[in-house]
Amino acid sequence: MRFYEFESRKIVELAGIPVTEYGFCKTADEAKAAAERIGGPVVVKSQVLTGGRMKAGGVKFADSPEEAAALAEEILQLEINGHIPRGVLVDPKAQVKQEYYAGVVWDGTAKRPLMLFSDMGGIDIEEVAEKHPDHVGRGHVSNLLPISDYEAKKVIAATGVTGSQLNRATPVLARLARLFRDNDMTLAEINPLAELEDGSFVALDAHMEMEDEAKGRQKRLLEGELSIEPEDTREPYEPSEFERSVKAIDSADHRGVIQGKDHGFEGNLGLVIGAGGGSLTLTDAVRSQGGKPANYSEIGGNPSVAKACGLAKEVLGKEGVEKIAVMMSIVSNTRVDIVARGVIKACLELDKDPAETIAIFRIPGAWEEEGFKILDKYGVEYCDRSVSMWEAAGRAVAKIQGAEA
Amino acid sequence: MAGGDLYGVFIEVSIEDAVASDAAIAAKLEEVCPVDIFAVVDGKATVVAENTDECVLCGLCIEAAPSGGVTVRKLYDDTILE
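Here the protein sequences line up with chains A and B, keeping their order. Position one of the first sequence corresponds to residue 0 (numbering that gives the first Met the number 0), numbered consecutively onward. Position one of the second sequence corresponds to residue 0 (numbering that gives the first Met the number 0), numbered consecutively onward.
Take these hints with a grain of salt, some might be off.
Listing some non-contacts, in silico: residues in chain A with all C-beta distances to chain B over 10 Å [as the list claims (entries may be wrong)]:
1) A55
2) P132
3) D183
4) T185
5) L195
6) E242
7) S250
8) S303
9) A305
10) E321
11) R340
12) I343
13) Y377
Cross-link-like lysine-lysine pairs, in silico, BS3-like; alpha carbons within 25 Å at most [what the hints assert, rightly or not]:
14) B:K73 / A:K351
15) A:K376 / B:K73
16) A:K322 / A:K351
17) B:K73 / A:K372
18) A:K260 / A:K376
19) A:K246 / A:K153
20) A:K398 / A:K351
21) A:K291 / A:K322
22) A:K25 / A:K260
So, partial list: chain A residues that the calculated Cβ filter (under 7 Å) puts toward chain B [unchecked claim]:
23) L144
24) K218
25) V304
26) K344
27) L347
28) E380
29) R384
Everything labelled a hint here was simulated from the structure, so no lab data went into it. Glycine residues also receive a C-beta, built at the ideal position from the N, C-alpha and C atoms.
Let the sequences and hints guide you as you build the complete structure.
Have a look at this one:
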């Protein structure tokens, strides 16, 4: 789960890390009031969950509250990479002596949080790590034991930072590591962490991401401190009718799982796909071979016939869909015969010929022999695990392209 | 979504009258079926048509009834579940 900058700022503040005075505003009037409260020149920043704000005109500087209001009005209506701003953040234009980077990421290989620090802040840490590796300090922390300031100090000292700067930056990184672990974050970064002219350190910008599975036990933070509604999906766009329908079918039946997305898809080949990363692989395989997917989907966990049927009907009901490809990686608990029944039933209920409508059926695994009997009965082309996902996708693409010609 | 719902496309389930009328067996059938194909109505076992295609071929209903009391026919290959 991604957080907006104003939420990340609050999380940082709650952890005891100094931040500059700021205001989250939903209207131009609120932005004006925030600028008046802060005093002096301010920066007005669009609150969107995407990068490239500065380039898109979503970050602007104002010398007066009136100018801040005018800029807020403009930014609030500015769509950035398809994202509508949640609001604007009004920040003071800080007098910065030096910018640093402080971050904590989840190291999936070591299975422990990894602290990162650089004395070259304000730019992408990846770029610094590549071009100036000696300016990036790293250090793992325990998942269980208390995190000491000393561990953070070692990481910072590795970049050559000494003296007062080292002492002032140390608690910031240590607190960031503690908030990362306490709040089940997958990413917590402050960039830039600014040293102001008076020598104090403040977080000027922060970026936080939380493990989705942790939302249940982080209610105190999410709902209590940040007032995030449980149904806030953080989707950058309104779900389509297809997406809503698939979600409703999934919610109505506890057996198995289905998901469907069609934002940005306008093809003619519907996809009923899934299993162990199969959806991404198969979508890529279709696209790489010239196919045009009408949707993305995930099906698994041994769904009922009704659920498989429901997904297939929704996919087939999408405008422009001519055929569907039913493909999965190798399944273990999902039953091939049950999915076969579901997708064939979808065709029949829509008065479509399954043999014509299902371009390919490739689901190897549990109960596949029973599934193949069903597919034989309805004349649907199918294949077993001796045919790769790539080849199956290619067959589906060839079939639909033949249909187009 | 256009198109009507179809039932009994893949699986056909039938119960002998004498078995269906036996209250104890009827209750057992309702209990054992994992996909709710059987329901007890007025003390008698009935087949819930909209659930028959969900049959997972587990055979628990066949074991719960006396021999030949319940028949599960796979319509796609015209065989009977033993």
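Verification of the hints:
1. A55: The claim stands: A55 (chain A) keeps its Cβ more than 10 Å from every Cβ of chain B (closest is about 39 Å).
2. P132: holds (56 Å)
3. D183: holds (36 Å)
4. T185: Answer for T185 (chain A): holds, closest chain B Cβ roughly 38 Å.
5. L195: Given that every Cβ of chain B is farther than 10 Å from that of L195 (chain A), nearest at about 60 Å, it holds.
6. E242: holds (14 Å)
7. S250: holds (17 Å)
8. S303: About 6 Å separates S303 (chain A) from the closest Cβ of chain B, which leaves it inside 10 Å; violated.
9. A305: The claim is violated: A305 (chain A) sits with its nearest Cβ about 7 Å from chain B, within 10 Å.
10. E321: Nearest chain B Cβ is 16 Å from E321 (chain A), so the label holds.
11. R340: violated (5 Å)
12. I343: Non-interface label fails for I343 (chain A): nearest chain B Cβ at 8 Å, not farther than 10 Å.
13. Y377: violated (8 Å)
14. B:K73 / A:K351: The given pair, whose Cα atoms are some 22 Å apart, holds under the 25 Å limit.
15. A:K376 / B:K73: Roughly 11 Å separates the two Cα atoms, so the pair holds.
16. A:K322 / A:K351: OK: K322 (chain A) and K351 (chain A) at ~10 Å, within 25 Å.
17. B:K73 / A:K372: Measuring from Cα to Cα gives roughly 10 Å; hence the hint holds.
18. A:K260 / A:K376: Violated - the C-alpha atoms of K376 (chain A) and K260 (chain A) are around 31 Å apart, more than 25 Å.
19. A:K246 / A:K153: violated (48 Å)
20. A:K398 / A:K351: Since the Cα atoms of K398 (chain A) and K351 (chain A) sit roughly 17 Å apart, the hinted pair holds (cutoff 25 Å).
21. A:K291 / A:K322: holds (11 Å)
22. A:K25 / A:K260: violated (29 Å)
23. L144: At 46 Å from the nearest chain B Cβ, L144 (chain A) fails the 7 Å test, so the hint is violated.
24. K218: Cβ of K218 (chain A) sits 34 Å from chain B, so the hint is violated.
25. V304: holds (5 Å)
26. K344: Given a least distance of 6 Å, the restraint on K344 (chain A) holds.
27. L347: The hint holds - L347 (chain A) has a Cβ within 7 Å of chain B, the shortest such distance being about 6 Å.
28. E380: Violated, because the Cβ-Cβ distance from E380 (chain A) to chain B comes to roughly 16 Å (cut-off 7 Å).
29. R384: violated (22 Å)
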